[in-house]
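Trainee: The residues making up each chain are set out below.
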Amino acid sequence: MKQLLTVVSRRTVAQGATELVCRLEQPQDIAPGRFMHLRVGPLLRRPISIARVDRDLITFLFKEIGQGTAELASLRPDDTIDALGPLGNGFPIAAIHPTQRVVLVGGGIGVPPLYETMRQLVARGVTCEAILGFDTATSVFYEAEFQALGKTTVTTVDGTHGTKGFVTAALRPESYDVLLACGPEPMLKSLQQQPIEHKYLSIENRMGCGIGACFACVCQTPTGGYVKTCSDGPVFRAEEVVL
Amino acid sequence: MKQLLTVVSRRTVAQGATELVCRLEQPQDIAPGRFMHLRVGPLLRRPISIARVDRDLITFLFKEIGQGTAELASLRPDDTIDALGPLGNGFPIAAIHPTQRVVLVGGGIGVPPLYETMRQLVARGVTCEAILGFDTATSVFYEAEFQALGKTTVTTVDGTHGTKGFVTAALRPESYDVLLACGPEPMLKSLQQQPIEHKYLSIENRMGCGIGACFACVCQTPTGGYVKTCSDGPVFRAEEVVL
Amino acid sequence: MTERLRVELPGLSLKNPIMPASGCFGFGEEYAKLYDLSELGAIMIKAATGEERYGNPTPRVAESGMGMLNAIGLQNPGVDGILTNKMPFLETFDTAIIANVAGSTPEEYELVAEKMSQHPGIHALELNISCPNVKSGGIQFGTDPSLAAELTRRVKRVSTKPVYVKLSPNVTSIVEMARAVEAAGADGLTMINTLVGMRIDVRTGQPILANRIGGLSGPSIKPVAIRMIHDVAQAVSIPIIGMGGVMEVDDVLEMIYAGASAVAVGTANFVNPYICQELIQQLPERMDELGIDHILDIRGKAYESTLHRA
Amino acid sequence: MTERLRVELPGLSLKNPIMPASGCFGFGEEYAKLYDLSELGAIMIKAATGEERYGNPTPRVAESGMGMLNAIGLQNPGVDGILTNKMPFLETFDTAIIANVAGSTPEEYELVAEKMSQHPGIHALELNISCPNVKSGGIQFGTDPSLAAELTRRVKRVSTKPVYVKLSPNVTSIVEMARAVEAAGADGLTMINTLVGMRIDVRTGQPILANRIGGLSGPSIKPVAIRMIHDVAQAVSIPIIGMGGVMEVDDVLEMIYAGASAVAVGTANFVNPYICQELIQQLPERMDELGIDHILDIRGKAYESTLHRA
Ligand SMILES: Cc1cc2nc3c(=O)[nH]c(=O)nc-3n(C[C@H](O)[C@H](O)[C@H](O)COP(=O)(O)OP(=O)(O)OC[C@H]3O[C@@H](n4cnc5c(N)ncnc54)[C@H](O)[C@@H]3O)c2cc1C
Ligand SMILES: Cc1cc2nc3c(=O)[nH]c(=O)nc-3n(C[C@H](O)[C@H](O)[C@H](O)COP(=O)(O)OP(=O)(O)OC[C@H]3O[C@@H](n4cnc5c(N)ncnc54)[C@H](O)[C@@H]3O)c2cc1C
Ligand SMILES: Cc1cc2nc3c(=O)[nH]c(=O)nc-3n(C[C@H](O)[C@H](O)[C@H](O)COP(=O)(O)O)c2cc1C
Ligand SMILES: Cc1cc2nc3c(=O)[nH]c(=O)nc-3n(C[C@H](O)[C@H](O)[C@H](O)COP(=O)(O)O)c2cc1C
Ligand code: FES
Ligand code: FES
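Protein chains in written order, with our numbering: chain A, -9 to 233; chain B, -9 to 233; chain C, -4 to 305; chain D, -4 to 305.
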């Protein structure tokens, strides 16, 4: 579960967004929506979603937020990363039938896990549509990559690229059976309300252990209980969590 | 005074001893015996002597002691080091006449600054002899480099290479006018007692600022006063300091 | 396991001095997937209160330098939940279990302590009088020597197992606290709990933690822990389980030199989930390098030689 | 210098809120070779005692995580030496000078304070009742509210300049200390001094510092400083100069959000000798990014909005 990743390549895919491709020590199949807990920054690990896996190559896409992600962004080929994972439970792609109409909705840096998800769904013969929301034209990434997998709509808050507005501006809830989403809390909150039968949301939470032991990442459930983002999630049914 | 050094090459010169060659941002002549204060490790800088300077190239030789020197040892070409310096006052080579008989005595990781010192003295036409003390054969480094500059005797504590014993085993005090030394405190203490007219010792002390402001590195003087290792030294006349 | 690492403490016969600290290892389930918990000297399980508690709102953790702030807020399934659902699993391992006892009132502490101490799988209690993350209870007991002593006395009365009192570093004199609980009957001390701290998000101007304040742990607090263990070890005659910022094998040795008889590892489990196992494996080799025969040969040596010198 | 950074405090008209902390900048001579000290809001000079002091034996510093332990031990040329040999140079700069006053007895504090306050180049005094590195004096005054109040009263009586009292974090309630010295007439507070800590060298089993214990500073202590400033700012009405682990411009903002009116930088000067100059240069740009007009617009906002919410 602990392994050393070796950086293969690094490139900037949008303003402040970096794509890092690494070699896995233990090549494996990974369900989409899971994450790796990377040892960067002074102390705690950083959870980063798996944006793509190809046998022994793993891709991360991340935004520079603070010291940890800045450190990740400064890595060069042959540098190594102490990684824990894959962790968590991803999107339930095995439960989705090719007949179901699936929409993947990503907001900003919530987009990455949806890429591997759409890849695996398409590989299983499921037709997917993607709606990707960004702030502005310069922050858009992976549009062509998604387009190669299926219908893709990009929205920008300021209208500088694609549809103007939030992702919901491009969402026609009646057209989908399944929604898979990842993005900022306000986006997930509004998606929670959409009249789509099956809704799965990948949520973010500050983590300690990443494996379910420390109770740092709990999220309340409607029944007053709680789930742990790291080990019960990060993907939950929309009805399971109070955002 | 603050500059970014760029690593040019790195090699292991003896067990646990690394040679790091870096490019200076501000090429300059540097008097021998001065040091650079390198930003490695979690917080404080590490003082490391200048083992050699050639126009824009600077060489460090260091032993892995803890986190800071381990980090230095792990640097690769093109990595950069935030350096402050050159700092301190080195050996008074300008005051040495070609007629004077000079011995340079280095103990272990005190050897590095003596190399640049001997280079500059020899360039000025001064004949020097070097006595280099190490623990054991595998920790010996730079023997050939010193030999190329003048008579060089190596001593090892366990006798596995060169003369067996401490540096004093090879020292004939009556044969020298000037002693320039750097090494562990017990060695310097015993050299302090040698009947040689001019004795200069480079001392070590834990540092904070490295520039004379924090009083971390003081050393007592025989008159009850004190000197600061970083800014008054690290090289002192043997009579100036209480070890 | 070599006998060089064995440590005998009240109620605890430890095959080695390394144990995960309370709250940083849950109830062992997650770590049991990574290595055999029987390798551990002991396990300090997460704090128990009388009833199940949800704890504080999130965010519950923040980072700062080489430290971590947490404000979990004693989330736990309650003493009955732990005894029923967590102990059976923990009992399958050949290691000592130390139950961390918390509460808001002396009565709650007594209730939890009594129930915990009666469970045959629990070897000792750790009285948590120092949790900075709960509004009522917890820290007041940990900062007032007479309240701490009184609580210790009450818990000792109901407990059938040795009671270790966990000291807070957020006091003017930890020695005074230690002496007070020793006099009240504590069988041992565990120290230190976290330092109270805060981080502010400059984008919002508000504290990062929903609870505003949190407990600082990790390497940042190690020098404070070492100094407090060093001072307390000289002032009391009950043993100390040391903790605070242990990340490497040398940190373990530092704590024992300072006067601890065993060492707990908290935050480091989040950085490296295998850390306790690794420390146990590395100890004998490091002891060889330093010429240490039995781990307790160095206990308190940082001050003992001073005493001789004086 | 823009007026957005100007801060008016008792005795101190600061062109910006950044100043080097006492003991981390000597008497300015070394840093003056690197940049123009007139750029600084103020300079807190090294502690002065009645007579010249040599301080503690070496080693005097050790590192630990993102922190530094020091046990310099108040080495200084004595009040007369400072006034005669250091002040003339410092007076050549257009910046406020804050003299750090130390001593072993109330009489020594009074003597130093009186002499310092009479010098026209000194704008305010910082009463150092919190130095952990001297055997007698210093920290006792800093951990007992009534001793601290009494000392403040005595120093206020002899000083012709405003008196800022420097608080120690090594107390159960820093709020109580702050209230006590405010009631005794302190014009302002500076906080925090270092946390008492120790490191042990595992090769020798002995403390690394010759003085055994030392004061922990740097990023490790920042969360403790933020929390204490946050608590004290709400409890007193005199201004606070905050310090403890400031390394970056966001740390400055964090301290001001927490309730400080100005910020001192200690250990960071050793890491980057240009840090104070750089922070002053970076502040306006960072304030623009965050939409902050005047630096004091955010003072205490971390708790003020809570008060509104309540
Ligand atoms: C399951 C999961 C998957 C994620 N996947 C991605 C991804 O694919 N790409 C990406 O850009 N980001 C992702 N994030 C967010 C990413 O973890 C944070 O941006 C990152 O931790 C910030 O670290 P930092 O040191 O740069 O920032 P800092 O703000 O300096 O971090 C300080 C502390 O806060 C934590 N933290 C800060 N922001 C977040 C956040 N949004 N979520 C969780 N912890 C946070 C850090 O982990 C660290 O402990 C994911 C988060 C989670 C929980
Ligand atoms: C003027 C001067 C010149 C030096 N030149 C060289 C050189 O050319 N090659 C070389 O190998 N070493 C040299 N040293 C020693 C070198 O600075 C230390 O080995 C190094 O700082 C150890 O850092 P660390 O993080 O690896 O060890 P750690 O023990 O982890 O360091 C912890 C702290 O202690 C300080 N420290 C530890 N040992 C020493 C020491 N011997 N002297 C000063 N500070 C110490 C560190 O700087 C750091 O602040 C020199 C020291 C001085 C004072
Ligand atoms: C996330 C977290 C949760 C904690 N929960 C508890 C707890 O429930 N009971 C307790 O006594 N201490 C608790 N602690 C304190 C630790 O047991 C330990 O005393 C402290 O973290 C210092 O050790 P460290 O620096 O190794 O983490 C907790 C610490 C952390 C970081
Ligand atoms: C080497 C050193 C010397 C210090 N000397 C003094 C001093 O003479 N007087 C004083 O009041 N504080 C002194 N301090 C404490 C600092 O002024 C400051 O309060 C503390 O270091 C916290 O700030 P920092 O984390 O930015 O260093 C000293 C600190 C250091 C590191
Ligand atoms: S991060 Fe520890 S329980 Fe989820
Ligand atoms: S290291 Fe600061 S005075 Fe020498």
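Don't read these hints as lab results, they were simulated from the structure. These numbers were taken from a predicted model, which means no experiment stands behind them. It is possible that some hints are incorrect.
Unchecked claim - So the derived list for chain D, only partly shown, Cβ under 7 Å to chain B, looks like this:
{"no.": "1", "residue": "Pro5"}
{"no.": "2", "residue": "Ser8"}
{"no.": "3", "residue": "Lys10"}
{"no.": "4", "residue": "Val56"}
Claimed, not checked - Here are the simulated BS3-like cross-link-like pairs (lysine-lysine), alpha carbons at most 27 Å apart as the crow flies:
{"no.": "5", "chain 1": "A", "residue 1": "Lys53", "chain 2": "A", "residue 2": "Lys154"}
{"no.": "6", "chain 1": "D", "residue 1": "Lys28", "chain 2": "B", "residue 2": "Lys(-8)"}
{"no.": "7", "chain 1": "C", "residue 1": "Lys151", "chain 2": "A", "residue 2": "Lys(-8)"}
{"no.": "8", "chain 1": "D", "residue 1": "Lys81", "chain 2": "B", "residue 2": "Lys(-8)"}
{"no.": "9", "chain 1": "A", "residue 1": "Lys141", "chain 2": "A", "residue 2": "Lys53"}
{"no.": "10", "chain 1": "A", "residue 1": "Lys141", "chain 2": "A", "residue 2": "Lys154"}
{"no.": "11", "chain 1": "B", "residue 1": "Lys154", "chain 2": "B", "residue 2": "Lys179"}
{"no.": "12", "chain 1": "D", "residue 1": "Lys81", "chain 2": "D", "residue 2": "Lys10"}
{"no.": "13", "chain 1": "D", "residue 1": "Lys81", "chain 2": "D", "residue 2": "Lys151"}
Cβ atoms here follow ideal geometry from the backbone N, Cα and C, with glycine treated the same way.
Trainee: Determine for every hint whether it applies to the structure shown.
Mentor: Hints versus structure:
| no. | hint | result |
| --- | --- | --- |
| 1 | Pro5 | 27 Å, violated |
| 2 | Ser8 | 26 Å, violated |
| 3 | Lys10 | 22 Å, violated |
| 4 | Val56 | 4 Å, holds |
| 5 | A:Lys53 - A:Lys154 | 22 Å, holds |
| 6 | D:Lys28 - B:Lys(-8) | 12 Å, holds |
| 7 | C:Lys151 - A:Lys(-8) | 42 Å, violated |
| 8 | D:Lys81 - B:Lys(-8) | 26 Å, holds |
| 9 | A:Lys141 - A:Lys53 | 25 Å, holds |
| 10 | A:Lys141 - A:Lys154 | 18 Å, holds |
| 11 | B:Lys154 - B:Lys179 | 20 Å, holds |
| 12 | D:Lys81 - D:Lys10 | 23 Å, holds |
| 13 | D:Lys81 - D:Lys151 | 24 Å, holds |
Of the hints listed earlier, those the structure fails to meet are numbers 1, 2, 3, 7, in rising order.
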